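All chains, full assembly: derive it from the sequences and hints.
So the protein lines, in turn, are chains A and B. Each residue of the first sequence is one higher than the one before, starting from 94 at the first, in our numbering. Each residue of the second sequence is one higher than the one before, starting from 285 at the first, in our numbering.
It should be emphasised that the hints constitute simulated quantities derived from the structure, not laboratory data. Treat the numbers as computed from the prediction; the structure is a model and nothing was measured. Glycine included, each C-beta is placed from N, C-alpha and C at the ideal position. Among the hints, a few may not be true.
Claimed, not checked - Not the full set, but computed from the structure, chain B residues with beta-carbon under 10 Å of chain A:
| # | residue |
| --- | --- |
| 1 | Leu378 |
| 2 | Gln433 |
| 3 | Val435 |
| 4 | Ala437 |
| 5 | Arg461 |
| 6 | Tyr464 |
Stated by the list, open to error - Listed below are the simulated SDA-like cross-link pairs for lysine to any residue, each with C-alpha atoms no more than 25 Å apart in a straight line:
| # | chain 1 | residue 1 | chain 2 | residue 2 |
| --- | --- | --- | --- | --- |
| 7 | A | Lys287 | A | Met269 |
| 8 | A | Lys100 | B | Ile430 |
| 9 | A | Lys100 | B | Gln477 |
| 10 | A | Lys100 | B | Ala459 |
| 11 | A | Lys252 | B | Arg506 |
| 12 | A | Lys196 | B | Gly439 |
| 13 | A | Lys100 | A | Asp173 |
| 14 | A | Lys100 | B | Ser495 |
| 15 | A | Lys196 | B | Gln477 |
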Amino acid sequence: MNTHLSKQFDLELENIRTRILQMGGLVERQVLAAIEAFGTGNIEEMQQVIRNDREVDAYEVGIDEDCTLLIARRQPTARDLRLVMAISRIVTDLERSGDKAAKIANKSRKVYRAGARRIPRISDVEHCGQLATDMLHGALDALARMDVDAARQVIGADKEIDEAFNAILRQLVTYMMEDPRTISEALDVIWIAKAIERVGDHATNIAENVIYTVSGIDVRHTGPAARKAVRE
Amino acid sequence: MTPRRQWLATAVLTGVLPVLATAVLAGLTLGADWGWAVAALGWLFVILVQLRELSNLAAWLDAPDSREPANVRGFCSELVRRLGRRLRDDSRKLAQAEAGLHSFREAMDAVPDGLVIIDTQHRIQWSNRAAAVHLGICLPRDGGAIIEQLVRAPGFAEYLGNPDVNAPFVVQSPAVRTRYYAVRVVSLGEHSQLLVSLDISDARRVESMRSTFVANVSHELRTPLTVVSGFLEHFADDDTMTAEQRQHFTRLMSDQTTRMLSLVDDLLTLSRLESEDAPASEEEVEMDDLLAQLLAEAHSLSEGRHRLELICDGQALQGNRKELHSAFGNLVSNAIRYTPAGGDIRIEWRIREGLGAFCVRDSGVGIPAEHLPRLTERFYRVDRGRSRDSGGTGLGLAIVKHILLRHQATLVVESQVGKGSSFRAEFPGWRLKAVG
Numbered sequence: 094m095n096t097h098l099s100k101q102f103d104l105e106l107e108n109i110r111t112r113i114l115q116m117g118g119l120v121e122r123q124v125l126a127a128i129e130a131f132g133t134g135n136i137e138e139m140q141q142v143i144r145n146d147r148e149v150d151a152y153e154v155g156i157d158e159d160c161t162l163l164i165a166r167r168q169p170t171a172r173d174l175r176l177v178m179a180i181s182r183i184v185t186d187l188e189r190s191g192d193k194a195a196k197i198a199n200k201s202r203k204v205y206r207a208g209a210r211r212i213p214r215i216s217d218v219e220h221c222g223q224l225a226t227d228m229l230h231g232a233l234d235a236l237a238r239m240d241v242d243a244a245r246q247v248i249g250a251d252k253e254i255d256e257a258f259n260a261i262l263r264q265l266v267t268y269m270m271e272d273p274r275t276i277s278e279a280l281d282v283i284w285i286a287k288a289i290e291r292v293g294d295h296a297t298n299i300a301e302n303v304i305y306t307v308s309g310i311d312v313r314h315t316g317p318a319a320r321k322a323v324r325e
Numbered sequence: 285m286t287p288r289r290q291w292l293a294t295a296v297l298t299g300v301l302p303v304l305a306t307a308v309l310a311g312l313t314l315g316a317d318w319g320w321a322v323a324a325l326g327w328l329f330v331i332l333v334q335l336r337e338l339s340n341l342a343a344w345l346d347a348p349d350s351r352e353p354a355n356v357r358g359f360c361s362e363l364v365r366r367l368g369r370r371l372r373d374d375s376r377k378l379a380q381a382e383a384g385l386h387s388f389r390e391a392m393d394a395v396p397d398g399l400v401i402i403d404t405q406h407r408i409q410w411s412n413r414a415a416a417v418h419l420g421i422c423l424p425r426d427g428g429a430i431i432e433q434l435v436r437a438p439g440f441a442e443y444l445g446n447p448d449v450n451a452p453f454v455v456q457s458p459a460v461r462t463r464y465y466a467v468r469v470v471s472l473g474e475h476s477q478l479l480v481s482l483d484i485s486d487a488r489r490v491e492s493m494r495s496t497f498v499a500n501v502s503h504e505l506r507t508p509l510t511v512v513s514g515f516l517e518h519f520a521d522d523d524t525m526t527a528e529q530r531q532h533f534t535r536l537m538s539d540q541t542t543r544m545l546s547l548v549d550d551l552l553t554l555s556r557l558e559s560e561d562a563p564a565s566e567e568e569v570e571m572d573d574l575l576a577q578l579l580a581e582a583h584s585l586s587e588g589r590h591r592l593e594l595i596c597d598g599q600a601l602q603g604n605r606k607e608l609h610s611a612f613g614n615l616v617s618n619a620i621r622y623t624p625a626g627g628d629i630r631i632e633w634r635i636r637e638g639l640g641a642f643c644v645r646d647s648g649v650g651i652p653a654e655h656l657p658r659l660t661e662r663f664y665r666v667d668r669g670r671s672r673d674s675g676g677t678g679l680g681l682a683i684v685k686h687i688l689l690r691h692q693a694t695l696v697v698e699s700q701v702g703k704g705s706s707f708r709a710e711f712p713g714w715r716l717k718a719v720g
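Pasting the structure below:
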């Protein structure tokens, strides 16, 4: 990071970065735990995930306030301003991912409580979840290291997760057509898969914000060609 | 002469004396004023020469590329010589220290534990190669980064702020989810801390295996116990039971207790096999004898439902008869239990390529390939329901594996679903004894 005249400013900026990455670590664990609980049917763990969501929310409020205070007090410019703006957007993405984890836990609790005999496509959903958590991890690493290349890789991985989601969807539709008694649990599994797919989207947003911070170019809603053009 | 004296002598001889002598000569021939003037000019000259040499020396010190400066003479040459020696010594020591540091770094990189040094602000100063695998910290990319930004496991920041040496912090590997690392923090003086990460995945796996084993044993004992206790309650409550019913229930209860007994027997056998490395005693086991005994047992177990065949074509085997009997008996009884009525079972003992091979071949249900590597695990079952119905404890093949290990033998399993399986125990050549 560049050095500023005011060492205190540097410290504050770095503190916000550390806090958002800590929040990211918590969200990552939440998503991972939710998907694992869905696979094993551990009700206790699902409830733990739902409870922990409050902690994620507390992080969001705290970091948002820190960002506002920093802008008011220090009036950052250029890259520092972009970083603060990006962080306040990333906070929202992380909080939403946390909500998705809670949602996965909630839905799987419902599925298991209903006494589902056989949950369809469980290993495919787990595979999808693995992709999503890998993406989230990659996006946070890119944020920690301000690494544009790593961020671009994360954005590229989103396609794979979308394909995996569509495959699950197709299989579940067939499943429901074959045996209408499974509709209710298959629908819940679709909700879970959708939530996982959304986590991947949030990871993409985080990666886009990293590119914006480093290069000053907004790559949201642009094609891969524009992203590729971003070179430092 | 001491170096200091030598230096003085050089100075006097090259600087002071010639000027003094010329000045005295000039004073005597041309007058005192001339003498003073010559002395002043002479010494001025000497001083200028020295100054020039000093500036040469300074220039050389800035870039000591040549060993000694060529254009420094006289008065300063001694100084130069010693400076040169000092410089050479220093650069040699530096090279030694660098080599030492290099080999130290190599050693640190070879350490299987991850090592990271951080300063008071938790910025990464140094890390070894294992840290890249354990914590994802890789130099030089992450040098100077704040460690909490890279190791983001919840609770890690708190642990770093208040480390407890006795209770390490456990992190999951970022790359491979099944690997776990225990991180300890050791303080290195006032200004830095050392993080040591240890791979504990294996320890965790052993721990989980142990608890699975306990859970399995309890489950296996619980099922027959539930049956027995259910019947006992029935006996106590129901007075109107006919003698026939009573007999039927008693037989069922006795089946269950037999099952529990055989389970406990198998457990005891396993624990005994595990606690000793080698059989208590070894003798020459006549295989004709042993196989005849196995065949008799097989006949009584099969009750005429299978075609049994025996081929014994080999020497006696060095080993513990009781253990071998138990291992072979397990293989034979497995074959009978998993082969439907009317199937063929062949028991063989022969020498193949210098190895003694005991083989049980059946025409039974067969085992799907994905189960083969796990067959000898305790309580591992290909088909839970059927195995228990046929009276297995789930420990048979584990016992076989242990006994064979003690006899340096290996178990080879070949199987095809629907066609049958063959279990072959291969004994090393030195265990075979010539007949007679």
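Taking the hints in turn, this is what the structure says about them:
For Leu378 of chain B, the interface hint is violated, the least distance from its beta-carbon to any beta-carbon of chain A being 31 Å, above 10 Å. A cut of 10 Å between beta carbons decides the hint on Gln433 of chain B: the least distance to chain A is about 4 Å, and the hint holds. With a least beta-carbon distance of about 8 Å to chain A, the hint placing Val435 of chain B at the interface is held under the 10 Å criterion. The beta carbon of Ala437 of chain B comes within 6 Å of a beta carbon in chain A, closer than 10 Å, and the hint placing it at the interface holds.
The closest approach between the C-beta of Arg461 of chain B and any C-beta of chain A is roughly 8 Å, which is under the 10 Å cut-off, so the hint is satisfied. Evaluation of the Tyr464 of chain B hint against chain A yields a violated restraint, the C-beta minimum of about 13 Å exceeding 10 Å. Between Lys287 of chain A and Met269 of chain A the CA atoms are separated by roughly 17 Å; this keeps the pair inside 25 Å, and the hint holds. The straight-line distance between the Cα atoms of Lys100 of chain A and Ile430 of chain B is roughly 16 Å, inside the 25 Å bound, and the hint therefore holds.
Note on Lys100 of chain A and Gln477 of chain B: the hinted pairing holds, with a Cα-Cα distance of about 23 Å set against a maximum of 25 Å. The straight-line distance between the Cα atoms of Lys100 of chain A and Ala459 of chain B is roughly 35 Å, outside the 25 Å bound, and the hint therefore fails. Between Lys252 of chain A and Arg506 of chain B the alpha-carbon distance is near 50 Å, which puts this suggested pair outside the 25 Å criterion. Only pairs whose Cα atoms come within 25 Å are accepted, and Lys196 of chain A paired with Gly439 of chain B is accepted, the gap being roughly 23 Å.
Taking the CA atoms of Lys100 of chain A and Asp173 of chain A, the gap is near 14 Å; set against the 25 Å cutoff, the hint holds. Only pairs whose Cα atoms come within 25 Å are accepted, and Lys100 of chain A paired with Ser495 of chain B is rejected, the gap being roughly 53 Å. For a cut-off of 25 Å, the pair hint linking Lys196 of chain A to Gln477 of chain B is broken: about 40 Å separates their Cα positions.
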